[in-house]
Amino acid sequence: QVQLVESGGGLVQPGGSLKLFCVASRSIFGSNFMGWYRQAPGKEPELVAEFSTGGRINYAESVKGRFTISRDNAKNTVTLQMNSLKPEDTAVYYCNGRWSWGPIYWGQGTQVTVSS
2 QVQLVESGGG LVQPGGSLKL FCVASRSIFG SNFMGWYRQA PGKEPELVAE
52 FSTGGRINYA ESVKGRFTIS RDNAKNTVTL QMNSLKPEDT AVYYCNGRWS
102 WGPIYWGQGT QVTVSS
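Straight run, no breaks: the sequence shown in this note's numbering ends on number 117.
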């Protein structure tokens with residue numbers, strides 16, 4: 002069993018920045034993928050950014066140039082730096098990860114609200 006714990010969400014004005022953190026209870030080195038999804042009220046979950054197999058990094062088109070995903074293997078942490086936030090970025094953000102092609106693990110989510 003792997004636990005993923007997110008933090009860093011909150012309320013921010015449009016144009017502001019937030020940084021989200023996801024700490025895993027297992028080494029993230031060698032994970033199949035790790036990343037961030039989000040779900041806004043009444044909408045389907047969508048991929049925000051992820052580290053995928055082969056060292057690739059994928060971003061949703063809507064966040065390219067504004068969000069940056071990074072990782073610190075020594076701290077088992079994946080970080081999402083979010084800049085130039087827009088009201089449409091408001092959602093619950095979830096961290097997820099997969100190891101050895103086993104089950105996909107999810108964090109509990111952290112709320113991000115962009116509003117003036």
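A hint or two may mislead.
Said to hold, decoys possible - Distance condition first, Cα-Cα at most 25 Å in a straight line; then the derived PhoX-like pairs of lysine-lysine:
(1) 87 with 44
(2) 76 with 44
(3) 20 with 44
(4) 87 with 65
(5) 20 with 76
(6) 87 with 20
(7) 20 with 65
Unchecked claim - Distance windows between CB atoms, simulated:
(8) 73 with 42: 18 to 24 Å
(9) 8 with 84: 30 to 36 Å
(10) 103 with 17: 20 to 26 Å
(11) 117 with 66: 33 to 39 Å
(12) 74 with 42: 18 to 24 Å
(13) 104 with 58: 18 to 24 Å
(14) 117 with 57: 34 to 40 Å
(15) 101 with 12: 35 to 41 Å
(16) 116 with 30: 33 to 39 Å
(17) 27 with 89: 32 to 38 Å
(18) 17 with 74: 24 to 30 Å
Worth flagging that the hints you see were computed from the coordinates, not collected in a lab. Don't be surprised by glycine CBs; every beta carbon is placed ideally from N, CA and C.
Each hint tested on the structure:
| no. | hint | in the structure |
| --- | --- | --- |
| 1 | 87 with 44 | holds, 17 Å |
| 2 | 76 with 44 | violated, 33 Å |
| 3 | 20 with 44 | holds, 23 Å |
| 4 | 87 with 65 | holds, 13 Å |
| 5 | 20 with 76 | holds, 16 Å |
| 6 | 87 with 20 | holds, 14 Å |
| 7 | 20 with 65 | holds, 16 Å |
| 8 | 73 with 42: 18 to 24 Å | violated, 32 Å |
| 9 | 8 with 84: 30 to 36 Å | violated, 18 Å |
| 10 | 103 with 17: 20 to 26 Å | violated, 37 Å |
| 11 | 117 with 66: 33 to 39 Å | violated, 22 Å |
| 12 | 74 with 42: 18 to 24 Å | violated, 34 Å |
| 13 | 104 with 58: 18 to 24 Å | holds, 23 Å |
| 14 | 117 with 57: 34 to 40 Å | holds, 36 Å |
| 15 | 101 with 12: 35 to 41 Å | holds, 38 Å |
| 16 | 116 with 30: 33 to 39 Å | holds, 38 Å |
| 17 | 27 with 89: 32 to 38 Å | holds, 33 Å |
| 18 | 17 with 74: 24 to 30 Å | holds, 29 Å |
Checked against the numbered hints given earlier, the structure breaks hints 2, 8, 9, 10, 11 and 12 and satisfies all the rest.
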